[in-house]
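A.B. asks: Each chain is listed here by its residues.
There are 2 protein chains.
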Amino acid sequence: MMEQATRAPRGRTGIAASKRTGQVALPRKRPTRILIDELHPVLDCGRYRVKRCVGDSVAVSATIVRDGHDVMRAAVQWRPGEQSRWREAPLARVDAAIDGDRWSGMIDTLDAVGRWRWRVIAWGDRFASWREELSRKIDAGQHGLGSELTEGAMLLEAICARASGEDRELLRRARHAVADDSAPERTRYEAALEPRVAAAAERWQVREDLTASEASEIEVERERARFGAWYELFPRSWGGLPGVRRALGEIAGAGFDVLYLPPIHPIGVANRKGRNDKPVAEPGDPGSPYAIGGIEGGHTAIHPDLGTLEDFDALVADARELDMEIALDYALQCSADHPWLSEHPEWFSHRPDGTLKYAENPPKRYMDIYNFDFECEEWRSLWDALRDVMLFWVEHGVRVFRVDNPHTKPLAFWEWLIASVREVEPDTIFLSEAFTRQAMMAALAKVGFSQSYTYFTWKNASWELRDYVSEIARPPLSDFLRPNFFVNTPDILSEYLQTGGPGAFAVRLLLAGTLSPSYGIYSGFERYEATPRHPGSEEYLDSEKYEVRERSFQGPLLDSVTRLNRIRRERPALQRIDNVAFLPAENDALLAYAKREGGETLIVVANVDPHRAQEGIVVVPGELGLPPVFACSDLLDGARYEWRLGRNYVRLDPASRAGHLLAVENA
Amino acid sequence: MMEQATRAPRGRTGIAASKRTGQVALPRKRPTRILIDELHPVLDCGRYRVKRCVGDSVAVSATIVRDGHDVMRAAVQWRPGEQSRWREAPLARVDAAIDGDRWSGMIDTLDAVGRWRWRVIAWGDRFASWREELSRKIDAGQHGLGSELTEGAMLLEAICARASGEDRELLRRARHAVADDSAPERTRYEAALEPRVAAAAERWQVREDLTASEASEIEVERERARFGAWYELFPRSWGGLPGVRRALGEIAGAGFDVLYLPPIHPIGVANRKGRNDKPVAEPGDPGSPYAIGGIEGGHTAIHPDLGTLEDFDALVADARELDMEIALDYALQCSADHPWLSEHPEWFSHRPDGTLKYAENPPKRYMDIYNFDFECEEWRSLWDALRDVMLFWVEHGVRVFRVDNPHTKPLAFWEWLIASVREVEPDTIFLSEAFTRQAMMAALAKVGFSQSYTYFTWKNASWELRDYVSEIARPPLSDFLRPNFFVNTPDILSEYLQTGGPGAFAVRLLLAGTLSPSYGIYSGFERYEATPRHPGSEEYLDSEKYEVRERSFQGPLLDSVTRLNRIRRERPALQRIDNVAFLPAENDALLAYAKREGGETLIVVANVDPHRAQEGIVVVPGELGLPPVFACSDLLDGARYEWRLGRNYVRLDPASRAGHLLAVENA
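Quick mapping for you: the protein sequence lines, in order, are chains A and B. As numbered in my numbering, residues 5 to 671 make up the first sequence, in order. As numbered in my numbering, residues 5 to 671 make up the second sequence, in order.
Among the clues, some could well be false.
When chains are identical, the list treats them as one kind, so a pair holds in a single copy or across two.
With a cut-off of at most 25 Å between alpha-carbon atoms, the simulated BS3-like pairs for lysine-lysine come out as follows [what the hints assert, rightly or not]:
id, residue 1, residue 2
1, K368, K141
2, K141, K282
3, K282, K361
4, K549, K282
These aren't lab readings, by the way, just hints derived from the structure by calculation.
Just chain A, same shape as in the assembly (with noise of 0.2 Å):
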């Protein structure tokens, strides 16, 4: 709209002695009156998407702005991302009272995965605004509108034009009655006022300066990007992928919905490292199965002690009977004897001297390990390979993956890769692992990420959780970042369940299963497992990561476990992250929330503390919507409870409870 143009001279008063030189252009067509602005959600002025699932409705706003008093209108359009038809629903100004500027209204539903366009549409109502002003008249005792009717007529013909149906006749008639001179004042009046005429104007009204704002993308994912229960395991622990297969029932039936596999592919022998990570191994070590690659394959090829592709789709084909799904690790990163070191050297760093540099993070040397090279000049060969990797698994029924410290990895890859996978198959699921800072961990989720592993393993008082949860919980993160809250993995075994006992792992399990809507375990946990490799470390003594262990699916918290997946699939309110309110409890070692969905409200009870039973008060605020005095159950043991407004008091021990999961009944 604005041309630059060069300065006029000066003249006599030191202002432009020629007004007509270098003017701003008109603009070419008569612009709009309608100012929309402010648009919600929209992420980082729409370089980015936000991120909703299948099913979802998103409550949409804007700031709309006119001048004058015409009566205005405003509608929320929106399509999936290859059709060209826009749906649309109302939206209505937020404070109608005070004739407020900020209207909103919902996107109703989200049917399909993919890209969803929306926008805002505004526009004015002439008719409306001529009847709302004429009823202002005559509600102050004016006469003599004759002209004003005449108008009437006039707005009324051209919507009867559009009409068809009963609203024409209706229109039709209502105009002739306005129109009529020869009729009472009084007649054309009530004619021109009447309720129906003005529902059928608005409902054929012509859609003057219809302005619409720009669009912006919403990302559709299935909703198991935002919902489901993990399970990780070591398939070398279980007896390979036969094992696992025969553990998968029983899995299942705990109630989980992915199985996560750190990476099977064949394993390093140069500069393998040992048991609780000794940088050499003995014979016998199995080493990491992060060292990827060997005489057997790479990225592509499945480590022979654990079976075979046929083993392997199986166990995809067996897992989908019980409605889970694998989930494969995605660790760019190879080890000594990766084929590709030597069939595609260009794409790894060298040194000087021309050999190839192993992955350091100075003064820490890893020398199993070769990180890719992204800036290397073949980068365009690297990156296909490495998106080919993904596909081929995706081709063997993979549709879930997790990606290993993807914040080592340029950023413009990840946006590339999840785009182009996404691309071939929508319903793909990329699970970020990336412990590093809050921006790099907000731009992963941006550039595509389904889900990221939180801070959640190091927040364990009760005010770290609720500052934690309440930021994740409403935007703008929760607009495109979707948690997945491991209780632990193999890297993290927290002083918190190091020290707690089992009472620990009670209530780390509640609060997992009940803040987010995607959590995991790893296996050990449900057994208690507690030991670290020495006093200060996280790490696991004798960890998974670098032996094989005995293990089956079984332990003391899996009862537990599997109530707690029942619930959650029995109950709406804890399938989403944005709908809980902290509540008051009056002791630092109790966390008590709410948890909305429809008409259903949870209130969760938890005691931090793991050692001691702990009394507080919870108070339970009016903007809950709830009755002066409710009953609730406890889902974890069915025992009835009445609560009331205000101040509710529990007690928690650690040795029969971590916590209390209320329903609310009838409310």
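Fit chain B to the known structure of chain A by using the hints.
C.D. replies: Frame of chain A, contents of chain B only:
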């Protein structure tokens, strides 16, 4: 980066049979590893421009994210719109201790009016990264770092080739020493880590992976757009333009910078309003200056009772001699006698019978006013003509316009008009008089208005003032909306002034002049004029809008006004809005705040109760950076006090003082 493609057909496992079908194209060139995000200050994704004034520095910040551990550097670049050379200043991490990803720095300084562009750049410093890694390895006691040293020598060679002067020689020697494999390792390490070498390398570093954000714009206006004291008068009450000329010296002597005149054009006769807004004028009634236009001319003519165009030019020249400027009222409406109604009927709204439609806000009728129809067929000629009106006055030396009710005209018109006029005369200042909803007030500021009237006249309680000023004193509002705190206007005689007596006037003057860099007085305020037309009205009795009054520049409050204007000119802390910090005062009748600039701190304490003495405790917090005990002098009367961090007793009796304006000494 992403291209749409068709979905591949599904294969055996339900997944696309051919992974090579419909893939997302690789980026054309190797993408950067650096992501620059969340730039501040940017307004509405760059749709509108952030505002600053000449001489301002701008604090900028951005989130900069990159994979890996290499040393990254960043800078902000800026330039006036028409230049090609960027100026540059470094950015630093906000939380350097934790390697935080938020970077900040300063644009220093915006030294000319016009549109400036700025952006953030970031890059990798390979030498600094290499040096850091080498340093860690040496600290960890590692040996045999010959390969590392070879790499370092290569990096030094590349930098040396770019260097000149002493630096080049220094780098050359360092490269030689590092590369010398006949020298002891220790010697080579020392050469590599020598601080002067590091400094030289930084000066001539290669900017690897240089990445730039999008450029944002800043609209820089002259200082008067932010800071000034305004005085409003109706020329017809002062003896016309010659009379105003005679009063100029006194007005300038009181420290006013801008003299604002309501419309000076011919006034219509038909349907002229009478005194006190009577619908029908009596003979001799002058009518409202806002009913613009008569047989003598329209918006580019001067009312014959006021003088001639020569009188006006002389007024402007005299004002310039006194370092004052004349602000005119730009009121886009016509009386029934305006020449344009007959010359250009196509510019106005018509009834169906073809007659012109006077202004209405049903049921109110403004039969002396006709509004332009900005959507008429001939909108282009209308817009041109309206712009030419403003440029006419610009040619006659006017560079400040107070715009009447812009919220009833299209935003797009203002955006175009302001840009058009600024294109001819960049120093033009536009004040928006729009007492309407916040979204529209903000929109007007965004499309270009330099200043805005605000809700100040209705913010009288201490908490109202604190909340409102806090909102406009910080981003985003402070980035684009500059307030002008008129204490009264011809339309607004607040209840507070009506009932408060002289004490109310004194405290409102103090608040306006210290809270906002731009403030104004409508003549009569200095005489405590406080009689409304009738109880409950905000209109003045016998308002100058509808009759001629006898006025001259005198009144009991003028000493205070003069003193305050002098203090404001001497104290930079009072020349910005965004440097205010409200202090607790422990009495709702007291409002206390600090204003800081450079090393200077002012503390204002005002008693908003105009009738009763009030006492309280002003709490000075540590974060103001003041010493535990400090001397201050009250600029209003010279009295000196000793204040301290923490609690300070204050008592203010409206009979003697409205408040304190303390300047901290030697702090």
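A.B. asks: Taking the numbered hints from earlier one at a time, note which ones the structure violates and give those numbers from smallest to largest.
C.D. replies: none
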